[in-house]
Amino acid sequence: MKQFWTSMLRNPSGLIGLIILLLAIAVAVFGPLLFPNSPWRMVQRPFLPPFTLSTVPLGTDALGRDVFAGLIFGARVSLLVGLVSTLVALIVGVPIGAIAGYFGGKVDDALMRFTEFFQTIPSFALAIVLVAILQPSIYSIVASIAVVSWPPVARLVRGEVLSLRTREYVQAAIVTGQSHGWIIWREILPNALSPVIVLASLMVATAILLESSLSFLGLGDPNLISWGYMVGAGRTVIRQAWWITVFPGIAILISVLGLNLIGEGLNDALNPRLSREGR
Amino acid sequence: MSKRVLLGLLLSISVAAAAAAQEPKTGGVINAVIQPEPPGLMLAMVQNGPVQMVSGNIFEGLLRYSPKLEPQPELAESWTVSEDAKTYTFKLKKGVTWHDGKPFTSADVLFSVEMLKQTHARARSNLMQVDKVEAPDDTTVVFTLKQPFGPFLGIFEVGSMPMVPKHLYDGTDWKTNAYNNAPIGTGPFMFKEWQKGSFIRLVKNPNYHEKGKPYLDEIYWQIIPDAAARSVAFETGKVDVLPGGSVENFDVPRLSKLKDTCVTGAGWEFFSPLAWLWLNNRQGPTANKKVRQAIMYAIDRDFAKDVIWNGLGKVATGPSASSIKFYTDDVPKYPYDPAKAKALLKEAGYNGEKVRLLPLAYGETWQRWGEAVKQNLQDVGMNIETISTDVAGGNQKISDWDYDIAFTYLYQYGDPALGVGRNYVSSAIAKGQVFNNVEGYSNPEIDKLFADGAVATPDSKRKEIYEKAQKILVEDVPVAWQLELQFPTITRCKVKDLITTAIGVNDGFKDAWLDK
Chain A
1 MKQFWTSMLR
11 NPSGLIGLII
21 LLLAIAVAVF
31 GPLLFPNSPW
41 RMVQRPFLPP
51 FTLSTVPLGT
61 DALGRDVFAG
71 LIFGARVSLL
81 VGLVSTLVAL
91 IVGVPIGAIA
101 GYFGGKVDDA
111 LMRFTEFFQT
121 IPSFALAIVL
131 VAILQPSIYS
141 IVASIAVVSW
151 PPVARLVRGE
161 VLSLRTREYV
171 QAAIVTGQSH
181 GWIIWREILP
191 NALSPVIVLA
201 SLMVATAILL
211 ESSLSFLGLG
221 DPNLISWGYM
231 VGAGRTVIRQ
241 AWWITVFPGI
251 AILISVLGLN
261 LIGEGLNDAL
271 NPRLSREGR
Chain B
1001 MSKRVLLGLL
1011 LSISVAAAAA
1021 AQEPKTGGVI
1031 NAVIQPEPPG
1041 LMLAMVQNGP
1051 VQMVSGNIFE
1061 GLLRYSPKLE
1071 PQPELAESWT
1081 VSEDAKTYTF
1091 KLKKGVTWHD
1101 GKPFTSADVL
1111 FSVEMLKQTH
1121 ARARSNLMQV
1131 DKVEAPDDTT
1141 VVFTLKQPFG
1151 PFLGIFEVGS
1161 MPMVPKHLYD
1171 GTDWKTNAYN
1181 NAPIGTGPFM
1191 FKEWQKGSFI
1201 RLVKNPNYHE
1211 KGKPYLDEIY
1221 WQIIPDAAAR
1231 SVAFETGKVD
1241 VLPGGSVENF
1251 DVPRLSKLKD
1261 TCVTGAGWEF
1271 FSPLAWLWLN
1281 NRQGPTANKK
1291 VRQAIMYAID
1301 RDFAKDVIWN
1311 GLGKVATGPS
1321 ASSIKFYTDD
1331 VPKYPYDPAK
1341 AKALLKEAGY
1351 NGEKVRLLPL
1361 AYGETWQRWG
1371 EAVKQNLQDV
1381 GMNIETISTD
1391 VAGGNQKISD
1401 WDYDIAFTYL
1411 YQYGDPALGV
1421 GRNYVSSAIA
1431 KGQVFNNVEG
1441 YSNPEIDKLF
1451 ADGAVATPDS
1461 KRKEIYEKAQ
1471 KILVEDVPVA
1481 WQLELQFPTI
1491 TRCKVKDLIT
1501 TAIGVNDGFK
1511 DAWLDK
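Heads up: the sequence lines are chains A and B, in that order. For the record, in the first sequence the residue sitting at position 6 is 6 according to our numbering, with numbers rising by one throughout. If you want our numbering, it's the 1-based position in the second sequence plus 1000.
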């Protein structure tokens, strides 16, 4: 574990990514304490350009709402959706992949056909349809992002389990008469975890992008401000007021970039032999 | 029996004189935007907004209405009303011909009335009080009513009662008549061609019955599906006229600042779109009158007007828009007063129950408006949850009465008996519709006042009745009135006299001319 952290922290991209993520989490957790006002509140005249008033440093939007407050509250929604939907996807995908890989045969066939069924539908289109049917709310958005992102997890875990299953220590565990569940849980999964962690960090980034895209299209939770919503609402007035769109856009870019850097760093740290630098 | 003779001609001359100080010039082509592309142009069969806008050039009604809603002659040159207010006699203009050269006569009027009763829902209800229609000679039409009906002279504009050529439609299957695709009317412009998805072209009617008019040679109605592209088309000079509602509100200030650009909010006096919030009077917190009054105090309607609608329109004072007959502002007032709203909520015993708000899915402006109202209501302590749906889903919820607060706007058609009463009388409560009495307000006194008001004579009596009704309604707040909407018409300043009547661009480009 110590080795993991040292290699993670020695890796510049992983370090930068980690700092960005920690900053974003700090903003999401503590920001609203510094800005007790709701980001929906109309505080100044509309279309106030940025850097003109210190109380609204990033200007105001079409209704006179503080763009900076929107960014801070938006961080909460974006990160929450990203983390929770990834977690749900893992909870669904890991067991399916593990069971398919461990038991093989007909169970494997059935589960993989089921997974492919989801993989054949373009994921963003499916997410749009699900949110539209379930009515836009934070729950339906998390659920639909989870639904479209678990299949790659299942496929990855299955592949790992398939290869681990034939290892001698697994064979030994079977011979000693341990239960299947115990073997999967104690012997196989811990060893299959590192690629899953890398994938998960990238999934968080994808989920943030998906949530932003949904909100951009007007399918966000109407009661919560999010970066995608801000971009979508500001898009139509971009010729008059660029800042409404640009700042949340930058926020999305930085946080997704940060998560990708973390993913890369994790990859290098967890799979030293695959490291591209060839250290 | 003495007759009240209304010399409409005098009226129209005075209005025209006020509008046109300059001498109109003849010739020129106008490009205007039509949004969305109309489903057809046969006004008697389809009456969507864009159909009315284009076809108002091709077809005509018996009357037009000044911005003050006074009737003016169009195909009828004069009219008289009997003393008992039950017989209306119209003298038709002589020498009017259809675009195919056939003369327009009283037989066409009789036929149009019969056809519209079957094809035009609003005309059908407008004509409900009519007992019989007769044509003693070629240029006279007599409407006899079952009982006096105050707003009767207000139902003859081209969109409500367009005149249809009998010789082309009588005895045919109206739905499949070939002339639906190339309509023939009496109007100042004739249909020439329609390139679907691109433009509709109208050309000058050389035999138009008003000498010297129209001034323009041609009109191109350009079809541009994207709102941003419509703005650009105006900026680049591809189009000269953007009718109300064809660009998003936030583009209006930018476009109006362009060189040589004129903006007007006129031309909606007859429709007088009034925006309000349906408040569910049946259940939930909004069933309590005090909560409804609190909502009126809580919402900053001036903000909505100035910021969301860019200063266009007017804060509504009650159920009637200010351009509607018998409007009064002598009613209880609801200024923006959050403190009072909080007090009223407390008095009503409101304790944070969830209230569902349904915005209108008509684009950016309405979405922003929903957000502002939600914030206003949250500021006074209401627990608001926005429900987001598309247009169809919203209509479904409203027509199922499955909402607490919902945005809407409706036309008022100039007279309280035509467009106002329907939203408050208990006989208009019916599931499955998104207009009329959706809020479920029921008050026998209001029912009686609107029933009496429609048939009372003379107008002073109606005025008294409607003013009383307005006072009661504003006190009860069955719905939360927001704004009298104005959809600005944006034109190049060289386009003159485009809007001269109460239905604006829908009345055709008969008076319009280009100052070259």
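Bear in mind the hints are in silico, worked out from the structure with no lab data behind them. It is possible that some hints are incorrect.
[What the hints assert, rightly or not] FRET-style restraints, in silico, Cβ to Cβ:
1) A:175 - B:1354: 53 to 61 Å
2) A:22 - B:1383: 33 to 41 Å
3) B:1396 - A:10: 56 to 64 Å
4) B:1354 - A:87: 42 to 50 Å
[Claimed, not checked] Covered by chain B, per the in silico footprint, the following chain A stretches (three or more residues, Cβ under 8 Å):
5) 41-48
6) 52-66
7) 235-241
Note that beta-carbon positions come from the ideal geometry of N, C-alpha and C, so glycine has one too.
**Request:** Please count how many residues of the stretch 41-48 of chain A have a CB within 8 Å of a CB from chain B and say whether that reaches 3.
**Result:** holds (count 3)
**Message:** If you count the residues of the stretch 52-66 of chain A with a beta-carbon closer than 8 Å to a beta-carbon of chain B, do you get 3 or more?
**Reply:** This one holds; 3 residues, not fewer than the three required, reach chain B with a Cβ under 8 Å.
**Item:** Outcome of range test on Cβ distance (residue 22 of chain A, residue 1383 of chain B; 33 to 41 Å)
**Value:** Cβ of residue 22 of chain A to Cβ of residue 1383 of chain B: about 34 Å, so the range 33 to 41 Å holds.
**Prompt:** Honestly, do residue 175 of chain A and residue 1354 of chain B meet the 53 to 61 Å range at C-beta?
**Reply:** Because 60 Å falls inside the window, the suggested range holds.
**Hint check for residue 10 of chain A and residue 1396 of chain B - Cβ pair distance inside 56 to 64 Å** = Since residue 1396 of chain B and residue 10 of chain A have Cβ atoms about 59 Å apart, the given range 56 to 64 Å holds.
**Prompt:** For the stretch 235-241 of chain A, do at least 3 residues have a Cβ located nearer than 8 Å to some Cβ of chain B?
**Reply:** holds (count 4)
**Range hint 42 to 50 Å (beta carbons of residue 1354 of chain B and residue 87 of chain A) holds or violated** = For residue 87 of chain A against residue 1354 of chain B, whose Cβ atoms are near 28 Å apart, the range 42 to 50 Å is violated.
Violation of the numbered hints given earlier is confined to hint 4; every other hint is satisfied by the structure.
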